[in-house]
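Peer 1: So the protein lines, in turn, are chains A and B.
Read in order, the letters of the first sequence are residues 1 to 227 in full-length UniProt numbering.
Read in order, the letters of the second sequence are residues 1 to 829 in full-length UniProt numbering.
If you are wondering where the hints come from, they were derived from the structure by calculation, not from laboratory data.
Careful, some of the hints might be misleading.
Said to hold, decoys possible - DEER-style ranges, computed between Cβ atoms: (1) B:Gly447 - A:Ala128: 55 to 63 Å; (2) A:Gln183 - B:Arg448: 49 to 57 Å; (3) A:Pro102 - B:Ala812: 15 to 23 Å; (4) A:Asn18 - B:Thr773: 29 to 37 Å; (5) B:Ser17 - A:Leu24: 37 to 45 Å; (6) B:Leu317 - A:Asp31: 42 to 50 Å; (7) B:Leu8 - A:Ala128: 45 to 53 Å; (8) B:Arg462 - A:His16: 32 to 40 Å; (9) A:Glu190 - B:Thr449: 51 to 59 Å; (10) B:Ile432 - A:Asp213: 41 to 49 Å; (11) B:Ser17 - A:Gly29: 43 to 51 Å; (12) A:Glu190 - B:Gly447: 22 to 30 Å; (13) B:Leu317 - A:Pro102: 48 to 56 Å.
What the hints assert, rightly or not - A few chain A positions that, by computed beta-carbon distances, are all more than 12 Å from chain B: (14) Ala65; (15) Thr136; (16) Leu189.
For glycine and all other residues, C-beta sits at the position ideal for the given N, C-alpha and C.
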Amino acid sequence: MSEPRTVSQAIGLGKHVNGPAGGLTILDGLDLEIGAGEAVAILGASGSGKSTLLSLLAGLDEATAGEVWLCGRRIADLDEDGRSELRGGRVGFVFQNFQLLPTLTARENVLLPLELTGTEGAAERADAALERVGLTARAGHYPRQLSGGEQQRVAIARAYAPRPSVLFADEPTGNLDQQTGEQIIELLLELREAADAALILVTHDPRLAERCDRRLRMRDGRLESLT
Amino acid sequence: MNVWRIALRLLRRDWRSGELYLLAAALVITVAAVTAVGFFTDRVETSIERQGSELIASDLAIDSSAPIPQTLDAEAKARGLATARTVEFRSVVVADQGPRLVNIKAVDPGYPLRGELRVRQGVDTLDEPAPQGPSQGEVWVESRLLALLGVRIGDTLGVGETRLRIGAVLTQEPDAGRSFFNIAPRVMMNAADLEATGLIGPASRATYRLLIAGEDERVASYRDWLEPRLAANMSAESASKARPEFATAVDRAARFLHLATLTTLLVAGAAIALASHRLVERQTDAVAVMRCLGAPRRLLIRIFVLRLVLFGLIASLVGCLLGWLAQAGLVDTLSGWLGEELPPPSAAPLLVGVTTGLVSLLGFALPPLLQLAQVTPLRALRRDAGRPRASAAITLAAAALALGLLILWQAQDPTLAWKLIAGVLGALATLILCVLLLVRLAGGLAGRTRGVWRLGLAALARRPSGAVLQIGGFGIGILALLLLAVVRLDLLRAWEDSLPTDAPNYFLINIQPQEVEPLRDFLAESGIERTDILPMIRGRLTHIGDHQVEPSDYQDPRAERLATREFNLSYGTEPQPDNRIAAGAWWPDAEAPPQFSVETGIAETLGIALGDTLTFWVSGHAVSGPVTSLREVQWDSFNVNFFVVSSPALLRDEAATYITSFHLPAGSDALIAELSRRFPSVTPLDVDAILDQVRQVIDRGVLAVEYVFAFTLVAGLLVMYAGIQASLEDRRAEHGILRTLGAGRRALLGSLAVEFAAAGLLAGLLASVFAETTGWLLAEQLFELEFSFNPWLWVMGVLGSGLAIGLAGTLATYPLLIRPPLQALRRAG
Ligand SMILES: Nc1ncnc2c1ncn2[C@@H]1O[C@H](COP(=O)(O)OP(=O)(O)O)[C@@H](O)[C@H]1O
Ligand SMILES: [Mg+2]
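Just need the whole structure built from these sequences, with the hints factored in.
Peer 2: Right under this line is the structure:
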């Protein structure tokens, strides 16, 4: 089966929520198309709806208008479990607060998605991924024994190990200092290249965004191109 | 894909990270307690039956007024059972001083099959066990007979047409209690000498007895074989139907043991609930991440269930092992009582243990875990994306169902179980209500206080549901400890006191009316204070209301026997001190109109209700009167008691003999000899042997119950630990923030101390109320014992708990304070 050229697409995407203080339209008729292997940076003020967009693109949440396509499937056609299965092995995540499981070691955290999707050769892949991020020596350590940068590297190894077609990163450097942040972005871009995966990177930092193929800004519920 | 493998791996990883220790400990304790008691009662019941067996010197005794056919022995032997024969009759023995009426028992070499004969070879020597009865040509006699006849060991006695040498003084005869109402001094002889005496002929009145002993199933099947073959003049009695005094004690011991198990189950259940709750809370983020990474919900559910089942199985097996070891230790402690040749415990309790473990774990942990699988993956991106609030109703219902099932199953007494369940539910509801009220109060107080106090009290008020859990956990833990104290100090002591050291050990019966006053004086002169000499009148129950009493009316063999037998009736102005009026009212004075008071047990057996008119046939005429009260009688008090007592007006004029009981210190043989000389018709009965046996059951029972309660204690401590752990997570974040805002360590430590001490005080107060109420209910309802309120319990409960929990909680949380604030914040993130 050949992967389609477009890995992620949003057409007329809208998200409206009813909060305690009345209704709020976060996304309003947003269009987006991301090709395989493309790196796209999404900038925007805090609260502008970047995370909401990611969650919709990844099928974590349901849109109130428009449609979302992920890896050639229309999200709205799938139920919750179908969306989980679609993500399995195809979608990687890197979070601002790392989201490593505290009861698992670095290596086991990387192993987890492979085991959950029943991937062949999980152990070898996990070890290779850890080596890629330079943490082979810390494989047996628990998250609490690692620095923030190291934790994020484990998270990147975890996202990368299943060889996904799309990698979503929501402010992956937000909890890190400048220097570590740059290293992390470096790593993300490197791995994207190696895996030929699309990268959708949410960040505040224009300097980091510079390094992506494309830069978009979120404003008033829509994306505007910056180049 | 192999779900089992993933489940096992995740389980192993969770275990290694220390996440499961608390839950495992709670589970292991529950299972260990249940299995230990299971294994143990298995054996105790056997040993208790053995003790019952000693009272009839066998497992099954067949009595007959005519010689018992040999076929019965032969069948028993063919089934691999041991047999022995005895013959008992009244006769006269002759010494130089003259003749004396005695109660002769001729025994064969097999006697006794159960229990122990003890004899004394000389006047001053100690008694020692004898493996079998006297050898041919010898008799053993009770020591008072030596005094009565003025003879010594080595002299000969004329027994019928032969002369037998007194070989020893008989000090213990296991089944002596059976001959309760026909005792003249005992003379025991060898059955082989019987023919030479010429005392037993076809027409002579004697009780022939065939004793049977062996494995339970064989005895039971022999009994089934025997039942249709019993002639009209024969009756069979099994060990378990032994004396009521004994049965009462054994019954209480069993109730205590079961109660101890149930308490452990409840307390450990709370620990399991708290630990599961915490486990689930901590898994929320992990689940969101797993769903992001592509795990479908049903996969997660399967993994969760499998992991839980695997964990439950392993923990339960460990618990079983611990239970088995504990049981072995317990048996070791009580070895003197249980005897060495007890069969090893059966494997059944293993099944019970594993089932208990799984049911309680699944009941408490599964519903919240399943709901956890519904967590939206969105939560990995947005912390505020809600987690599904585990539906409290479903969780509670599942937990209650699991616990209820286990209680019903373990209690073996549905009424007790239902009462317990109702009690627990009521207590839980009250607890939650009280905690919510008190937390609100603490919140109000916080507003009026400053600094450390304000921080501490506000912390308590800020999380009402957390506080309910935490204070509930503390409360249940303390409740376990206090209940332990109540049971130990009050209930068990009341039980021991129910048979004081000066409990009556002698009965005098057949006292003639003209002897009552002289006897009273004699006893008073001899320093025996107790001089309740009660009238006793024989009567047969003929009518209940208008209904004529026919033995065939009753299905129950005991009821049938009672309906045919003559009752011992009595009359009096006051009820016996150990009686309790359960329904109706006792008559006001000696001049009250004719009426009856009936013991509750027999009233139930025969179907007698308050207000029924009873008619008895007494010495050739009918007497009748209404039942105006029902009495509960404490049969194991060893006081003289009657099933049916009337007002004096009803029976005062009937021909009566009198009966009394009193405590006689050891070594008063001379007094009894003197009494027998002065009042020849009066028959003294020595019940020391039974008394000792009952006392032994109580002593050992108390020990066994304390042992089992040790599990409750551990469970109680666990629950409290779980309570402290429950809030640790929230606190980590909170303290990080407070410290970055500049709160000093000292202030935080102070606020922690205030918060935990306040929680401890509240929990202690609630627990004290519950413990006292429970203790009182147990004493009154379940054990029929006197209960006294214990002020110390309150002091210990409230202050002790405030102090202990304040200290323990602060210490447990202290490590959070030493960590730099940044780290605390980051970990919280
Ligand atoms: N489910 C929701 N209910 C209410 N408000 C929401 C919900 N999801 C997002 N929002 C609000 O929408 C806005 C955009 O949120 P988010 O996508 O997290 O922004 P960003 O990631 O760009 O900072 C925020 O103000 C947020 O509070
Ligand atoms: Mg965001």
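Peer 1: Confirm or reject each hint.
Peer 2: Quick rundown of the hints versus the structure:
Roughly 60 Å separates the CB atoms of Gly447 of chain B and Ala128 of chain A, a value that falls within the hinted 55 to 63 Å. Checking the proposed 49 to 57 Å range against Gln183 of chain A and Arg448 of chain B shows it holds: the Cβ atoms sit about 53 Å from each other. Between Pro102 of chain A and Ala812 of chain B the C-beta distance comes to about 19 Å, which sits within the given range of 15 to 23 Å. Our hint of 29 to 37 Å for Asn18 of chain A and Thr773 of chain B is violated, since their Cβ atoms are close to 49 Å apart.
Hint check: Ser17 of chain B to Leu24 of chain A, Cβ distance near 40 Å, so the stated range 37 to 45 Å holds. Checked against the hint of 42 to 50 Å, the C-beta distance between Leu317 of chain B and Asp31 of chain A comes to roughly 60 Å, which is inconsistent with it. Taking 45 to 53 Å as the suggested C-beta distance range, the pair Leu8 of chain B and Ala128 of chain A does not conform, at roughly 25 Å. Distance hint check: the CB atoms of Arg462 of chain B and His16 of chain A are about 33 Å apart, consistent with the given range 32 to 40 Å.
Checked against the hint of 51 to 59 Å, the C-beta distance between Glu190 of chain A and Thr449 of chain B comes to roughly 58 Å, which is consistent with it. At about 58 Å, the CB distance of Ile432 of chain B to Asp213 of chain A disagrees with the hint of 41 to 49 Å. Taken as a hint, the range 43 to 51 Å holds for the pair Ser17 of chain B and Gly29 of chain A, whose Cβ atoms sit roughly 47 Å apart. Our hint of 22 to 30 Å for Glu190 of chain A and Gly447 of chain B is violated, since their Cβ atoms are close to 57 Å apart.
Taken as a hint, the range 48 to 56 Å is violated for the pair Leu317 of chain B and Pro102 of chain A, whose Cβ atoms sit roughly 28 Å apart. A cut-off of 12 Å between C-beta atoms confirms that Ala65 of chain A is not in contact with chain B; the least separation is 18 Å. Taking the minimum C-beta to C-beta distance to chain B, about 19 Å, the non-interface status of Thr136 of chain A holds against the 12 Å cut. Every beta carbon of chain B lies more than 12 Å from that of Leu189 of chain A, the smallest distance being close to 22 Å; the non-interface claim holds.
Violated hints, in rising order: 4, 6, 7, 10, 12, 13; the structure is consistent with all others.
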